Every structure is written in structure tokens, then in C-alpha cells.
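Colleague: One letter stands for each residue in the lines below.
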Amino acid sequence: MNGAVGPAPDAGQRSQANDAGRGGQGSLAVPRSLMLADALVEPPGADLGADELVHLRDDLARELHAVVGDLPAGERLHMDAFKMRVARRHPERCMDADDTFTPTPRHCRRSVGTAAVRLCVRGLAPGPAAAVADVLAAGVADVSDASGEDAVRPQWWAGWYAGLPRGAQAVVRAEAIAWATQLFTALDWGRFPRLPVIGGRDDWWQSPGGRQLVLQGRADVRVLSGRRLALLVMQTGRCPSDWRMELGYPGLVAALVRDVTAAPCRVVGVWPDSGQVRVLPLDLGALRHVATAVVSAVATWVDSRIEVRHLAEVRSSA
Amino acid sequence: MTVAPPDGPGVLGRLRGDGAARPPVDPGLAGGLRDWLEDGLAEAVTHVPAEAGPIRVNKETLNQVLVCEAHLAACREAPRVVSVELARGSLVDALFRQWVTVGGFDDPWGDALAAVEVDGDRDGVVAFVTGLPAPRRRELAGEVAEHAAGIAGRWPALSPSWMARTQERLEFPLCGGRVVLAGVVDLIVGGPARGSASVCVVELKSGGRRVEHRGDLHLYALLETLRSGAPPFRIATYYSATGELDVEPVGDDALVGAVQRVLAGAVRLCRLAAGAEPARTPNPLCAWCAGLPRCAPGQARAGTAVPRRGRDEPVRVGAGVRRPDVALVRGPEAS
Chain A
1 MNGAVGPAPD
11 AGQRSQANDA
21 GRGGQGSLAV
31 PRSLMLADAL
41 VEPPGADLGA
51 DELVHLRDDL
61 ARELHAVVGD
71 LPAGERLHMD
81 AFKMRVARRH
91 PERCMDADDT
101 FTPTPRHCRR
111 SVGTAAVRLC
121 VRGLAPGPAA
131 AVADVLAAGV
141 ADVSDASGED
151 AVRPQWWAGW
161 YAGLPRGAQA
171 VVRAEAIAWA
181 TQLFTALDWG
191 RFPRLPVIGG
201 RDDWWQSPGG
211 RQLVLQGRAD
221 VRVLSGRRLA
231 LLVMQTGRCP
241 SDWRMELGYP
251 GLVAALVRDV
261 TAAPCRVVGV
271 WPDSGQVRVL
281 PLDLGALRHV
291 ATAVVSAVAT
301 WVDSRIEVRH
311 LAEVRSSA
Chain B
1 MTVAPPDGPG
11 VLGRLRGDGA
21 ARPPVDPGLA
31 GGLRDWLEDG
41 LAEAVTHVPA
51 EAGPIRVNKE
61 TLNQVLVCEA
71 HLAACREAPR
81 VVSVELARGS
91 LVDALFRQWV
101 TVGGFDDPWG
111 DALAAVEVDG
121 DRDGVVAFVT
131 GLPAPRRREL
141 AGEVAEHAAG
151 IAGRWPALSP
161 SWMARTQERL
171 EFPLCGGRVV
181 LAGVVDLIVG
191 GPARGSASVC
201 VVELKSGGRR
211 VEHRGDLHLY
221 ALLETLRSGA
231 PPFRIATYYS
241 ATGELDVEPV
251 GDDALVGAVQ
261 RVLAGAVRLC
271 RLAAGAEPAR
281 TPNPLCAWCA
291 GLPRCAPGQA
301 RAGTAVPRRG
311 RDEPVRVGAG
321 VRRPDVALVR
331 GPEAS
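Going down the list, the protein sequences come from chains A and B. So for the first sequence, our numbering puts the first residue at 1; every next one is plus one. So for the second sequence, our numbering puts the first residue at 1; every next one is plus one.
Incorrect hints may have been included.
[What the hints assert, rightly or not] With the C-beta cut set under 8 Å, the calculated list includes, among others, these residues of chain B facing chain A: (1) 12; (2) 13; (3) 14; (4) 22; (5) 24; (6) 85; (7) 106; (8) 112; (9) 164; (10) 169; (11) 191; (12) 227; (13) 228.
Think of the hints as simulated: they come from the structure by calculation, not from any bench. Note that the structure is predicted; figures quoted are calculated from it, not measured. Backbone N, C-alpha and C fix where the C-beta goes; we use that ideal spot for every residue, glycine too.
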């Protein structure tokens, strides 16, 4: 079988409206890891002007300040990619949001998985499975050490994991292995002249003029592209129609906390479950577009908090 | 239950093959298959209202709609009932995952329940088995332990270089995401292709052999090809009750058959999503269909209006007695 298979494609019959469906941007190329690595290190396009980023930051801070000013007294809002998504796709769910966090194997897999991929890329583990086992064992050891002294601070998942029965621990390990394998095999690590940052600290931007709002951005891999950053974000499922927001949000937060010369130039998104890849160049237009969406999402959350507070007051007075 | 002793090369040898060169990846294959699917669905999706949401094509919906559209509709309407077979399948799946991941069990029953519970237990398996009468629960625990022993006896530890991962989700959107092919594969081994096929897909079955299992595997081979750009070099079904392992190389025929089968099913799913009346196709599974009480052709076929409860019960076909897991469901790949 060579090239196209099956009946001869008829361009007239074929669906044209397939933004997410067509692999696009080289996602069917084999091996994909080369293409993705090259997409990350490709030289950046035109630099952002220093004034442009300053203006963007000021405009965003001003607009957010106006919105967050309505937040009920004493409340803080912590925006992350998940909250952005909920506000955009299911605003009605903001009212029912519960910030109580319960660890699950799927919650842990990124944290364990990125640590494992770091071991693999540095040549400290023969593969993701062994690396994940090492990371989990170290987490359990940290829990035991931490009980005797305060010097060791275990990973957030370690205490929960250590207390699980063996069958449940196996699920945590299996999920982390699958995640780590997807990230480890997504990129040809030998293409990077300098070791990328894998996982690493999230970016946190506190809106000037108020401590009520903080934006959290997360990237799975950070690579230098010239003097600027390129981010890789690995997502589950299939590429959504609003993928520009999914990729743009961590890019915006990374730009807000950095000097213009180090601001990210692009975000590469990869959806291993579907094999889709998208590249979002972060020019001023893209950043402003995402900033507008952030203001809108924050407003949605603020409105929901006001409504929740109002309902609670009505109930208590009834 | 008897786990057959190893016959010929072991599991790894059969998955790995006989050392013959693995097929080179045709760089146009995945794009060609995708185009073929999109061309075949382009007309059907235009009739689906936008508010209908994406049409998910997975092994269950595909098997159901190809057997009988009314059967699919009845399955969707009926509440999902946990059966002993479903519980056993979930528990054995969890143990297989644990074996591949950790390489051992403490107590298969306890391990499996803990695994299902921490993973969210969407089917309510833990509550179901906890509510079983003690003798039936002990019997099920014994069966699960036998499956576990079979897995442990046949599956050696997989080398880290095989990059084994379990319960991997595959999704591929077609026609702008209006149709989504989806599946969860029990085990995938092998890293991404770099010129020749490199991945092997394994599906675990804790029940008996069924005709549709081969179609399920071909669907996974197609999904893996579409998402990664390279087909698996082998696909396999492991029957944990007997220790049998069916291994099949992935050739053009398997992928072409899978495309045809997906198209046949997905077009019907689109038609139903567009509001068409489900067609009724009497078949040997009518006796088990939840929609039987409202289906005259099904009742004529089954000879009753009362659906049977378990799929382990024998079904009378013609003069003989057969079980539905060897039933005569002719998928498009066989027609």
C-alpha cells in the first residue's frame, strides 16, 4: 500500500471544516518527536517590543483590578488552566465549584511523570517505568524521613500514595508510567543543544494593586529558542476547538512574569491520545487575545462567587 | 477454569515475532486512511444536528449498531447493570495492569478491589461485589485468583525498553470533531515508530472467545495508525481464563477492513443521531436484548418477550445449543 489507500479521494466530497480533525501542522509525520523538537527550538519570530509587553501588563492589571474589586471581602481567586477552561466552556459550573482537593491517580501522574522524565533524559533511569518506580519510592522515603524531622518536605502526593494499599499504588504507578512515556517519547531530546526544563516551577503572576487574584501557568517542558522561551504543554484527549486559549494561557502567564527579552515566543501543544499537535506563536496579537479571555474568565468566577455569597446570605437570613 | 500450559513460544516470543524484519512505515498510510474515513462520513454528518454533540465510535457502539440499531438504542436507554461477568472483567483488568506495572500481587482480590476503587469505580463494581452473598463472593474471588495465577504464570516481566503502558486512551477526531473514534487499550508495548512499525497492542479478555474480539483489535490498530502515523506491527488478544493468546500481524487487509467496518457503523450512528428510526435486525443476540419486550421481530427470533439475564446462559440456535460468545454475529469484516 503506497500513499493514499481506499477509493480515490474526491476533494469535492471531503469535509473541509476540519480544524481539529485533520492532523495538521505535521502531526502525521513519523517520527513525530523530531518535528516537535524542531518546532520548539526553531528561531523566534519578531521580538515583542518592550513597551508592548509593558502596556499589555498594565492594561491587563487595570482591567483585572476593576473586575476583582467586586469579589466578596476576604475572598481570593486563584486562576489556573482548569478554572479558565470551566469559565469558558461551562460557566454554569463555577457556582458549584469546590476547591477541596482529593488526590487521584490522574492528579498525580503529571507530577510523578515529569520527575521521571527528568531522570530518563539525564540518563539516570533506563526508561519511564523504572524512573516512575524510583520517583515513587523516593516520595515514600521522604514521607518517612519527614515524620522525624522538618528538613524534608515530601511531594504533595507522597503521603497519600504511601498510605494506599498495593493495588491502588499500582494504579498510581501505571498512570504515571503512561504519562511519562508519552512525554518522554514525544520529543527527540537529543535535538536540544541545552537540557530543557522538564516540569519545573509553575509561573505565578499576582495582579498588581491587589492580592485577591493570582494567575498560575504551567508548562511541561521549557526550551530556549534563541534567547526566548518556547513552552511545550501536553494535554489529554483530543485537541479542542479553543486550543489557542489552552496554549495561550500558560504562554501569557509566562510572559507576564518575565522580562520581554525572555518572554516565550511560542507554545507547542501535543495531545498524545489523538496524536494532534498545534503550535501557537506568541505575538502581541495572540497575547492580547488571551488576556481578554482571562479578564472574561475572571469576571465569570467573580460573578459566581458573588452569587454564591448572596445565596448563602439569603439562606442564613431565612 | 484451566489455564493451558505454554504451547510453543512464550508470550513474549509470540508478541515479539520470529525475528523477521518489521514492516516499514508508509508515510502516506495514516493520511490516506483518515481521508478515506472523512470522505465516507462527509455526507452522513451533514444530517446530524450541531447540538447533537460528537458521535463517539468505540468498540461497544460499533458492535451494537452493527448487530442491530434497535439493540444499540435499547442499550443506551437501559440502566447500566453490573453483572458478575462485568465485575470479574474489571477486577481481572486491574490485576493485569498491576502485573505489567509492578510484577506481582499481594492478595489478588484485595489488590483488584483497591485498584478499581482508587480509579473511581465508575461502574460501581466494589459496591456490587460487596453486596454479593458471601458464597458467590468467595466463588468470584476464587475465579479472580485463578485468572491472576494464569497471568503470573504466563507473563514475564517486560523489559523497560519495551515501554509497556496500560489502559492507554486513544481518540481520533474526524469531520471537524463531529465524529470521534475512541478506545482504551489494555496494553501497548513499544516506542514510537522511527521508520518501521514498532508497537504491539494487547487486549485482555477475561470471558470467552467472541467473534467481535477480532474487530475490536482491528479498530485499535486503526486508531493507533491514525494517531501515531504508523500501524502496530502486531495485535493480540490474551484470554486470561484459558491462557490463550491470539496474535495477528497488522497488514493492509486488517486496516482496510477496520475502515470499512467503522464507516458502516459510524454512518448508522450518524443516521440515528439525525433522528432516524432504529432499524431492527433479528439476530442470535435478540434473546439478551434489553429492548426485547418492545421488539416484535426480536421476539419472533428469540421465541420469547422476556430477555435472558446473563450471557453465560446457553442460547438455543436452530437445533443445537450455542453460547452467545460464539454467536453468529457477522461483522462487515466477515461479510
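Colleague: Could you tell me which of the hints above the structure violates, numbers in ascending order?
Modeller: 1, 2, 3, 4, 5, 6
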